Structures are given as C-alpha cells and as structure tokens.
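J.: Listed below are the residues making up each chain.
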Amino acid sequence: MTRHLILVGTRKGAWTLTGDAQRRHWQISGPQHLGAVISHYVADPRRPGRLRMSVGSGHLGPSVFLSEDAGATWVEAQMPPAFSPAPDGTARSVDHVFWLTPGHASTPHVWYAGTSPQGLFKSVDGGNTWREVLGFNHHPDFLQWRGGDKDGTPDGAKLHCVIVDHADKNHLLLGMSGGGIFESHDEGASWHPLNQGVAMDFYPPKDDGSEYAFGHDPHCVVMHPVHANRLYHQNHCGLYALDRAQGERWARIGDNLPREVGDIGFPIVGHPRDPDTFWVFPMDGSGQWPRTAPGGKPAVWCSRDGGNSFVKQNTGFPQEQAWWTVKRQCMAVDDAEQVGVYLGTTNGQLWASFDEGASWQGLAMDLPQIYSVEVVRLP
Amino acid sequence: MIRVFLPTQLDEYTGGERELLLDLPAPDAAAVTLAEVIAAVDARYRGAGFRLVDEQGNIRRHIAMFVGETMVRSLAAQVPDGGRVQIVGALSGG
Chain A
6 MTRHLILVGT
16 RKGAWTLTGD
26 AQRRHWQISG
36 PQHLGAVISH
46 YVADPRRPGR
56 LRMSVGSGHL
66 GPSVFLSEDA
76 GATWVEAQMP
86 PAFSPAPDGT
96 ARSVDHVFWL
106 TPGHASTPHV
116 WYAGTSPQGL
126 FKSVDGGNTW
136 REVLGFNHHP
146 DFLQWRGGDK
156 DGTPDGAKLH
166 CVIVDHADKN
176 HLLLGMSGGG
186 IFESHDEGAS
196 WHPLNQGVAM
206 DFYPPKDDGS
216 EYAFGHDPHC
226 VVMHPVHANR
236 LYHQNHCGLY
246 ALDRAQGERW
256 ARIGDNLPRE
266 VGDIGFPIVG
276 HPRDPDTFWV
286 FPMDGSGQWP
296 RTAPGGKPAV
306 WCSRDGGNSF
316 VKQNTGFPQE
326 QAWWTVKRQC
336 MAVDDAEQVG
346 VYLGTTNGQL
356 WASFDEGASW
366 QGLAMDLPQI
376 YSVEVVRLP
Chain B
14 MIRVFLPTQL
24 DEYTGGEREL
34 LLDLPAPDAA
44 AVTLAEVIAA
54 VDARYRGAGF
64 RLVDEQGNIR
74 RHIAMFVGET
84 MVRSLAAQVP
94 DGGRVQIVGA
104 LSGG
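Quick mapping for you: the protein sequence lines, in order, are chains A and B. Using the working numbering, the first residue of the first sequence is number 6, and each one after it goes up by one. Using the working numbering, the first residue of the second sequence is number 14, and each one after it goes up by one.
A hint or two may mislead.
Calculated pairs, SDA-like style, for lysine to any residue (alpha carbon to alpha carbon, straight line, at most 25 Å) [what the hints assert, rightly or not]:
no., chain 1, residue 1, chain 2, residue 2
1, A, K155, B, Q91
2, A, K17, B, E30
3, A, K155, B, H75
4, A, K17, B, P20
5, A, K127, B, T21
6, A, K127, B, E68
7, A, K17, B, S87
8, A, K17, B, E82
9, A, K127, A, H144
10, A, K17, B, M84
11, A, K17, A, L39
12, A, K174, A, D212
13, A, K155, A, L71
14, A, K17, B, V101
15, A, K127, B, E30
16, A, K127, B, A61
17, A, K17, B, G60
18, A, K17, B, G102
19, A, K17, B, A103
20, A, K17, B, R97
21, A, K155, A, E73
22, A, K155, B, Q69
23, A, K17, B, V85
24, A, K127, B, N71
25, A, K17, B, A61
26, A, K17, B, T83
Pulled from the structure, derived: some chain B residues nowhere near chain A, Cβ distances all over 12 Å [stated by the list, open to error]:
no., residue
27, R16
28, G29
29, A43
30, A44
31, A53
32, I76
33, L88
FYI, nobody ran anything at the bench for these hints, they're computed from the structure. Please read these numbers as outputs of a predicted model, since none were measured by experiment. Note that CB positions come from ideal geometry on N, CA and C, so glycine has one too.
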C-alpha cells in the first residue's frame with residue numbers, strides 16, 4: 006500500500022513520520038541514534054525502502070548507516086568516508102559527513118558524500134565503503150577554491166548539494182561553503198567553477214573590476230529533475246537562477262523579493278515537474294546576521310515564474326514573535342499532483358503544506374533542532 | 014595482561030561491556046603500544062577502532078585515553094604488561 010515517509014535528521018537523532026497515500030494521517034517513530042547529530046537522512050529513489058543516514062557523534066566521529074527495509078533495521082558502513090594520508094603534512098580527517106546523494110539511475114549502487122572539512126567521496130557498493138573522489142579532493146586548485154579558515158561555516162567548512170544530472174551520469178555539480186559551485190562533465194575526474202554573476206560581498210572588489218571565479222558561498226543548489234538546464238541557488242549573497250539555454254551567467258532573482266524580506270537564506274526546493282516553480286525560506290541577513298525569520302514572522306516565498314515574482318506563503322505559521330529559521334537540508338517536496346512542501350525548523354518543528362505552500366500545518370512541534378528533512382513515497 | 018576500560022559511548026559496539034582483558038604478546042619488550050591495544054579492541058569489537066582514532070591515526074578530539082593515571086594523546090604511548098588503559102568520552106561541552 007502506498008505510503009509516504011518524512012525523514013527528519015536532527016541535532017539529537019533521527020525521526021521518521023509515516024503517512025498514508027493521501028498524506029492525511031501521520032505517525033511518528035524514533036528516535037534512531039538518540040544523541041547523535043544527523044546531518045542528512047535520505048532515501049534512494051532507485052530502490053524503495055533503501056535509506057542512508059549520516060551519523061555524527063561528538064565523541065566517536067562521523068559515520069554512515071544503511072537501511073534496506075525503510076528504517077526497520079540499520080547497519081553501519083564498513084568503511085565510512087575518510088581522507089587518505091598525505092605525506093606533506095596536509096592530511097585531513099573527516100569531522101562530519103554533511104551530505105549524501107544517491108547516484109544516477111543507471112548506477113544503482115553509487116552514492117556520493119560531501120564532508121566537513123570539505124571533501125567529495127564516492128561509494129560504488131550502496132554506501133558500505135567509500136573512497137575519495139581524487140579529481141576533486143586532490144585537484145591542484147583545491148586549496149585555492151576552499152579558501153582560508155575564515156571562509157567556512159562556524160562549525161566547519163562544508164561540501165554540500167552534490168547533484169547528479171538525471172539525464173547524464175557523468176554530469177555532476179556540488180557546492181562548497183565557502184568555495185562556490187563546481188561542475189564536472191566526466192563523472193568527477195575534472196572540475197571547473199560555475200559562479201559567474203554571483204556576488205561575494207564578504208571580499209573586496211577586485212582592482213581590475215573582474216569577478217572572482219570561486220570563493221563564493223552557495224548555501225543550497227538545485228537542478229531541476231527534468232529540465233537540467235535550469236538551476237537555482239540560494240547563496241549567502243542572494244538568490245540566483247541560471248538558465249543554461251540562455252548562457253552561463255547567474256541572475257540575481259532575489260532582487261524581486263520585497264526589500265524588507267531580503268534574499269538571504271539557506272534552503273531552496275524546486276517543483277518536481279514545473280521548472281519555473283520553487284520555494285525559499287528567507288532569513289534575516291541584515292546587520293549582525295541574526296539568521297532568524299525576518300521580523301520574527303516566518304514565511305515561505307514561492308515563485309511560479311522562474312523568480313520574476315514571488316508570493317508570500319505563511320498561512321498557518323505563527324504571525325509574530327517566531328524567531329526560528331530553516332537550514333539548508335530542511336525543505337523538501339513530494340511528487341504528488343498537488344505538491345506537498347515540508348520544512349523543519351531550528352526550534353524542532355516539522356511543518357507541512359499539502360497545497361503547494363498555500364497553507365501550513367505542524368506535524369511535529371517538539372523535536373530537537375532539525376538538520377535535514379526529506380520525503381519519499383513508497384509504492 | 015592489559016586491562017582496558019571502555020566508555021559508554023561505545024555501547025553500540027561493545028554491547029555494554031565496560032572492561033576488557035587483553036593478553037597481548039610483547040616478546041621483545043615489557044610493554045606494547047597503545048596502537049596495539051586499540052587494534053586489539055577493534056578486533057574484538059569491529060568498527061570500534063575508527064570511532065576512537067581517526068583516519069590520520071589521531072585519537073579523536075573528544076576521546077581521552079589514559080595509561081594508568083596519565084592522559085596520553087599519542088598511540089605510540091607504551092602500555093606495560095599488567096597496565097591499565099582507560100578510554101573515556103572527554104568532558105567536552107559540560
């Protein structure tokens with residue numbers, strides 16, 4: 006019988022909500038790995054019931070756990086992502102596995118992982134053993150790309166948003182905070198930056214007026230699952246769209262959001278079928294960067310025309326004095342005809358909309374700080 | 014014989030065992046290294062070694078290891094026959 010799973014990773018463990026085919030009734034189960042940081046908890050669209058979870062323990066370091074039965078049982082990866090020794094004193098150790106991405110449909114056992122400190126890893130056995138993607142981690146420009154110690158997020162620089170083009174298994178994208186967006190057309194053997202047109206307000210302008218090629222801070226990057234030429238990304242310095250049928254330069258569509266809301270935020274999710282429709286959750290990136298809902302009034306903003314205009318969607322949310330926000334892995338959509346949009350908040354609330362953002366209801370209100378939300382429909 | 018005390022954080026690996034007696038041969042010396050002790054712990058509890066020591070051979074930041082009463086940060090530390098190794102979750106974060 007068809008059911009939906011909402012996979013919720015938090016700062017203190019993982020929870021799963023199981024819903025019926027109509028998404029009317031939800032039951033929560035968990036926690037799994039109580040006390041561990043779950044940076045990413047994801048489903049494999051290639052094989053129903055296959056789940057993967059990044060588990061980080063403050064004491065015991067990073068790992069990946071695997072389930073083949075929709076979370077009923079879990080086993081630990083035999084060889085979690087780990088950097089290889091480096092003879093020149095630059096050896097690094099993985100602090101946490103921040104991101105997990107299933108590979109292309111034609112390679113059913115391939116997975117990618119992004120870590121902090123920044124590294125790209127690949128598994129060819131379903132996530133049980135992992136190897137470095139040497140073309141990226143050992144790229145001669147890698148140290149320049151990732152920048153210095155001040156160019157990462159407070160709990161460590163992150164490699165995230167590993168994207169596999171649905172139409173081409175050799176075509177990969179990823180984001181680095183900081184570092185920018187990078188692209189490969191040969192399954193990770195070689196890479197180039199993809200940051201034209203993106204602001205870098207945290208660096209001085211270059212003397213010759215040119216743009217920085219890398220060093221940017223993309224917070225969340227999405228490629229449309231059907232129209233691979235259409236990319237969106239929420240950056241530390243604005244909200245951007247790239248239509249590669251038109252060129253290779255990102256356009257700052259966030260300028261079309263109301264000025265008092267701004268276009269700073271972390272998450273962005275796209276409609277599963279319509280390349281012009283997507284949702285963002287702006288946060289306050291003014292002054293001292295409180296990273297809260299602007300004015301304490303949380304709202305999702307939806308565009309249905311590729312970012313030319315936006316509609317505020319906050320029906321059901323608290324209307325004032327609500328200072329939570331939404332992290333980059335914490336918005337998701339399902340594939341229903343009336344698309345469901347889901348978000349998890351920094352104060353442990355899981356919200357859902359079953360009418361494409363028009364109205365919102367709370368599904369769980371007292372979880373730990375939410376680090377990731379995914380939704381999957383099981384046949 | 015070396016007595017190893019294990020932390021609660023490893024319960025998923027050890028099944029809740031708190032103490033382990035290791036009979037490690039040290040043919041050429043009166044002591045073995047801490048690295049050998051950790052390897053023996055990992056052999057007993059598969060996967061536990063990587064939870065204590067990272068891929069560069071460093072004791073994880075929030076794990077503390079004592080040989081007798083002395084905190085050590087290097088796996089090259091010597092553990093005498095009859096000695097005691099205590100592995101604890103460090104007092105990190107209150």
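J.: For every hint, state whether the structure bears it out.
T.: Hints and how they fare:
1. A:K155 / B:Q91: With Cα atoms ~39 Å apart, A:K155 and B:Q91 exceed 25 Å; violated.
2. A:K17 / B:E30: Status holds; Cα separation ~24 Å.
3. A:K155 / B:H75: Satisfied, since the Cα-Cα distance of roughly 23 Å is no more than 25 Å.
4. A:K17 / B:P20: Distance ~19 Å between A:K17 and B:P20 Cα, so the pair holds.
5. A:K127 / B:T21: Given that 25 Å is the threshold and the Cα spacing comes to 31 Å, the pair is violated.
6. A:K127 / B:E68: Given pair A:K127, B:E68 holds - Cα atoms ~17 Å apart, limit 25 Å.
7. A:K17 / B:S87: violated, 30 Å
8. A:K17 / B:E82: violated, 32 Å
9. A:K127 / A:H144: The given pair, whose Cα atoms are some 16 Å apart, holds under the 25 Å limit.
10. A:K17 / B:M84: violated, 29 Å
11. A:K17 / A:L39: Within the cut-off at roughly 6 Å; holds.
12. A:K174 / A:D212: violated, 40 Å
13. A:K155 / A:L71: violated, 34 Å
14. A:K17 / B:V101: holds, 20 Å
15. A:K127 / B:E30: Given that 25 Å is the threshold and the Cα spacing comes to 34 Å, the pair is violated.
16. A:K127 / B:A61: holds, 23 Å
17. A:K17 / B:G60: holds, 22 Å
18. A:K17 / B:G102: holds, 17 Å
19. A:K17 / B:A103: holds, 18 Å
20. A:K17 / B:R97: Violated: A:K17 and B:R97 sit about 33 Å apart, past 25 Å.
21. A:K155 / A:E73: violated, 40 Å
22. A:K155 / B:Q69: holds, 24 Å
23. A:K17 / B:V85: Judged against 25 Å, a Cα distance of about 30 Å means the pair is violated.
24. A:K127 / B:N71: holds, 24 Å
25. A:K17 / B:A61: holds, 21 Å
26. A:K17 / B:T83: Violated: A:K17 and B:T83 sit about 32 Å apart, past 25 Å.
27. R16: Non-interface label on B:R16 holds, nearest chain A Cβ at 21 Å vs cutoff 12 Å.
28. G29: holds, 15 Å
29. A43: Fine: 30 Å to the nearest Cβ keeps B:A43 off the interface.
30. A44: holds, 26 Å
31. A53: holds, 18 Å
32. I76: Violated, because the least Cβ-Cβ distance between B:I76 and chain A comes to about 6 Å, which does not exceed 12 Å.
33. L88: holds, 14 Å
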